[in-house]
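Q: Let the sequences and hints guide you as you build the complete structure.
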Amino acid sequence: MSGAEKINAKVSNIIKLNDLVTRFEFERTDGQLFPTFSGGAHTVIELKDGDLTRRNPYSLMSDPMDQDGYSISVRRDDEGRGGSLFLHNNIKIGDDVVLSHPVNLFSLDLRAKKHLMIAGGIGITPFLAQIKQLDRSHGNWELHYSVRNQSLGTYVNDLMAMHPNDVNIYYDDEKNFIDIVNLLDGQPLGTHLYICGPKGMIDWVVNEASKLGWPNETIHYEEFLAPKPGKPFQVKLSASNKVVNVGENESLLEAIEREGVDAPYLCRGGACGQCETSVIEADGEFIHRDHWLEDDDKSSGKKIMPCVSRFDGKTLVLDR
Amino acid sequence: MTIQFKDETFRDDYTFKNSEWAVKRFPFPFHEDSYMYSVNMEQHKGGPEGSIYEKRFDVDEHYISEMRDRSEVLKDDPLRCQSLPHMTLAGWDLLELIMISKSEDYPDLFELHRNGNNWRWINKPMQIDHSFTFLDDATLPYGPMEYITRQTQGDFVILDQRESNLWMDAGMVTTQADWSLDFDIGMNFFEWHAPVPKAHEMGIFTRALKFLLNIQQGAPARRLNWTMTVNPLLDTSPENYHKWGVQKGTLNPENIGEKQYLRVELQTFFRLPRSNALVFPIRCYLASFDDLMTVPKWGRRLHRVIRDLPEELATYKGFIDNRPMMLDYLSQYDDGKPTSDGIWPDLQTEPARD
Chain P
1 MSGAEKINAK VSNIIKLNDL VTRFEFERTD GQLFPTFSGG AHTVIELKDG
51 DLTRRNPYSL MSDPMDQDGY SISVRRDDEG RGGSLFLHNN IKIGDDVVLS
101 HPVNLFSLDL RAKKHLMIAG GIGITPFLAQ IKQLDRSHGN WELHYSVRNQ
151 SLGTYVNDLM AMHPNDVNIY YDDEKNFIDI VNLLDGQPLG THLYICGPKG
201 MIDWVVNEAS KLGWPNETIH YEEFLAPKPG KPFQVKLSAS NKVVNVGENE
251 SLLEAIEREG VDAPYLCRGG ACGQCETSVI EADGEFIHRD HWLEDDDKSS
301 GKKIMPCVSR FDGKTLVLDR
Chain S
1 MTIQFKDETF RDDYTFKNSE WAVKRFPFPF HEDSYMYSVN MEQHKGGPEG
51 SIYEKRFDVD EHYISEMRDR SEVLKDDPLR CQSLPHMTLA GWDLLELIMI
101 SKSEDYPDLF ELHRNGNNWR WINKPMQIDH SFTFLDDATL PYGPMEYITR
151 QTQGDFVILD QRESNLWMDA GMVTTQADWS LDFDIGMNFF EWHAPVPKAH
201 EMGIFTRALK FLLNIQQGAP ARRLNWTMTV NPLLDTSPEN YHKWGVQKGT
251 LNPENIGEKQ YLRVELQTFF RLPRSNALVF PIRCYLASFD DLMTVPKWGR
301 RLHRVIRDLP EELATYKGFI DNRPMMLDYL SQYDDGKPTS DGIWPDLQTE
351 PARD
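Line by line, the protein sequences are chains P and S.
Under this note's numbering, the first residue of the first sequence carries the number 1, and numbering increases by one thereafter.
Under this note's numbering, the first residue of the second sequence carries the number 1, and numbering increases by one thereafter.
Derived by calculation from the structure, the hints in this document are not laboratory data.
Treat the hints with caution; some may be incorrect.
[Claimed, not checked] Within a straight-line C-alpha distance of at most 25 Å, the following computed PhoX-like cross-link-like pairs (lysine-lysine) qualify:
1) P:Lys48 with P:Lys16
2) S:Lys45 with P:Lys6
3) P:Lys298 with S:Lys55
4) S:Lys24 with P:Lys6
5) S:Lys55 with S:Lys45
6) P:Lys48 with P:Lys199
7) P:Lys302 with P:Lys242
8) P:Lys6 with S:Lys210
9) S:Lys210 with S:Lys243
10) S:Lys337 with S:Lys248
11) P:Lys132 with P:Lys113
12) P:Lys303 with S:Lys210
13) S:Lys210 with P:Lys302
14) P:Lys132 with P:Lys231
15) P:Lys231 with P:Lys199
16) P:Lys231 with P:Lys242
17) S:Lys24 with S:Lys6
18) S:Lys259 with S:Lys210
[Stated by the list, open to error] Over the 12 Å line for every Cβ pair with chain S, so calculated as not near, a few chain P residues:
19) Lys48
20) Tyr170
21) Leu189
22) Leu212
All of these numbers come straight from a predicted model, not from anything done at the bench.
Just so it is clear, CB atoms sit at the ideal spot from N, CA and C, and this is done for glycine as well.
A: So this is what it looks like as structure tokens:
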């Protein structure tokens, strides 16, 4: 079976935090303890939606030491393929779900003398777990968190109440923005930088840090990529000898899984590299959306990451 | 079965000896009649009852004596155990993993009682009964990694994961096949593997690293590795080569069956949850040629493997000079009959005698 090891759980609580974000809390159905995890880890939640099995990755935001329950906070995306909408609209307390063991693609570098965290919107979630982890070991951290406005400031009040000296909030609607150049410039040696938020924010911060000479190994980021809908296309799976039609609202990986072909995956968000698949033949355009493949891999037409990337053309044959 | 712990030595008078039980469960590393490197990983999720694969951390009859040998090595050379400052959390991860595994897998030998962070650990074979506070270094006599690996057979290397690479940033290494933690500490995966011949050209390390970086919580992996050692020495370190290297010259046709050991490492890999580091336990098992020849399949196969092994591998593994003598001995046990697939003794399915 592909993906990380699975845990059977049920929804123990649902808490609406604001217009867009809802927290879902889980407990195990077998009465055992959840595994501990490291701050920044995500879980893949598996949900049955009729005949469709949805598998969505979300950062674990609960205390990594708390083995009684896991929590995720989900922002409703009205334009996506319905993964977050399904959670918001259809999931009720008591529902069964399957969670993967935690996988961390955004872990703290524990050598850092200081952890400087930059969050945008729902990108706050991995930092919530990291802050709990660092507080326990008396780690040195500082958070700069940009939100759209007061009412959409998810967890702003909790953070300000618990860590008034380490948390800085910026409200877009008050034209209140992170002064990234001065912020980066004033950091002590040995600081590591962590960014989680929309793509534009990540690019901006990484770019400014690079210009200021921050070494690559001190810059860490995680971007939330969800598969995007797109034009339907057909793919031939050579090893399993199947022809699969990929619908508008499903990813290539989901379509492969729907046909019963066991394909490897971990993050389902274009970051981990697990699902990398060789292209045997292609006549058309690739729509590469992942962060994994190098640019020459993408232009070679020999590789595709089926979790987020698509294809537009006549023929696509994959080694799967 | 209840394990009868032995009182034996791995130095000086070498009183180490395997019981018949230990020989039958020896991890013979060759699944076919030839050997070449491969990324021969499989899931570490138990195995046949009584086999060394069954438990997460195998305990056998040599436990007490191996732990005594470890403390002797550390007394002479404390640098065999090192942990860079950022690896303390990973050390606690390892302590937790081993204490939970051993108390669940061997409830008659080990007990762990947890009440929040107040823990009580009972190790009956070593007569330890110790209460401490989890995650509080001051409540243990050593750092967490050193504390638990002084009570667990096998070497342990803890690898920090960052920059899509693995870094050897902590370890307890006293039973090693001629490599040094003190030399390798802080190196990344490619740096510490630089001395291995052929495997780089074969792309082995790039593939192995990719596999290891993706090892997930709850899904440990394992493989076997092997080499040759003259006398049942656990500590074949570069630091002590002047002591054990010369012993390779003491082999002769009369004593080779008794003095030449096949040294097999059960290497396992576990993702550590709190630190996201990877722990790499390397458990050493020794069996003399005489021990191995009690299993006819292994006798035939070991002869064929050693005979056909490429020269650079025999050199790297340190037995090129003794290979002709080994082959004289081993060929007596190879009657040319076919061998079954896999590593198990298969005594019940021996081919008929002529």
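Q: Taking the hints in turn, state whether each one holds.
A: For each hint, the structure was consulted:
About 22 Å separates the Cα atoms of lysine 48 of chain P and lysine 16 of chain P, which keeps this hinted pair within 25 Å; it holds. Of the supplied pair hints, the one linking lysine 45 of chain S and lysine 6 of chain P holds, its CA atoms being roughly 15 Å apart against a limit of 25 Å. A hinted pair counts as satisfied when its Cα atoms are at most 25 Å apart, and lysine 298 of chain P with lysine 55 of chain S does not qualify at roughly 44 Å. A hinted pair counts as satisfied when its Cα atoms are at most 25 Å apart, and lysine 24 of chain S with lysine 6 of chain P does not qualify at roughly 35 Å.
Restraint check for lysine 55 of chain S and lysine 45 of chain S: satisfied, since their Cα atoms lie roughly 8 Å apart, inside the 25 Å limit. Between lysine 48 of chain P and lysine 199 of chain P the alpha-carbon distance is near 29 Å, which puts this suggested pair outside the 25 Å criterion. Between lysine 302 of chain P and lysine 242 of chain P the alpha-carbon distance is near 19 Å, which keeps this suggested pair within the 25 Å criterion. A hinted pair counts as satisfied when its Cα atoms are at most 25 Å apart, and lysine 6 of chain P with lysine 210 of chain S qualifies at roughly 22 Å.
Straight-line distance between C-alpha atoms of lysine 210 of chain S and lysine 243 of chain S comes to about 38 Å, which puts the hinted pair past the 25 Å bound. With a C-alpha separation of about 31 Å, the suggested pairing of lysine 337 of chain S with lysine 248 of chain S is violated against the 25 Å cut-off. Taking the CA atoms of lysine 132 of chain P and lysine 113 of chain P, the gap is about 17 Å. The hint holds against a cut of 25 Å. Distance hint between lysine 303 of chain P and lysine 210 of chain S is fulfilled; the C-alpha atoms sit about 17 Å from each other, no more than 25 Å.
About 19 Å separates the Cα atoms of lysine 210 of chain S and lysine 302 of chain P, which keeps this hinted pair within 25 Å; it holds. As the CA atoms of lysine 132 of chain P and lysine 231 of chain P are separated by approximately 42 Å, the hinted pair breaks the 25 Å bound. With a C-alpha separation of about 23 Å, the suggested pair lysine 231 of chain P and lysine 199 of chain P falls inside the 25 Å cut-off, and the hint holds. Taken as a hint, the lysine 231 of chain P and lysine 242 of chain P pair is honoured in the structure, with Cα atoms around 20 Å apart against an allowance of 25 Å.
Among the hinted pairs, lysine 24 of chain S with lysine 6 of chain S is consistent with the structure: their alpha-carbon atoms are about 17 Å apart, no more than 25 Å. At most 25 Å may separate the alpha-carbon atoms for a hinted pair to count; lysine 259 of chain S and lysine 210 of chain S exceed this at roughly 39 Å. For lysine 48 of chain P, the requirement that its beta carbon stay farther than 12 Å from each beta carbon of chain S is met, with the minimum near 22 Å. The Cβ of tyrosine 170 of chain P sits about 29 Å from the closest Cβ of chain S, beyond the 12 Å cut-off, so the non-interface label holds.
For leucine 189 of chain P, the requirement that its beta carbon stay farther than 12 Å from each beta carbon of chain S is met, with the minimum near 16 Å. The Cβ of leucine 212 of chain P sits about 20 Å from the closest Cβ of chain S, beyond the 12 Å cut-off, so the non-interface label holds.
In summary, the structure is inconsistent with hints 3, 4, 6, 9, 10, 14, 18 from the numbered list given earlier, while agreeing with the others.
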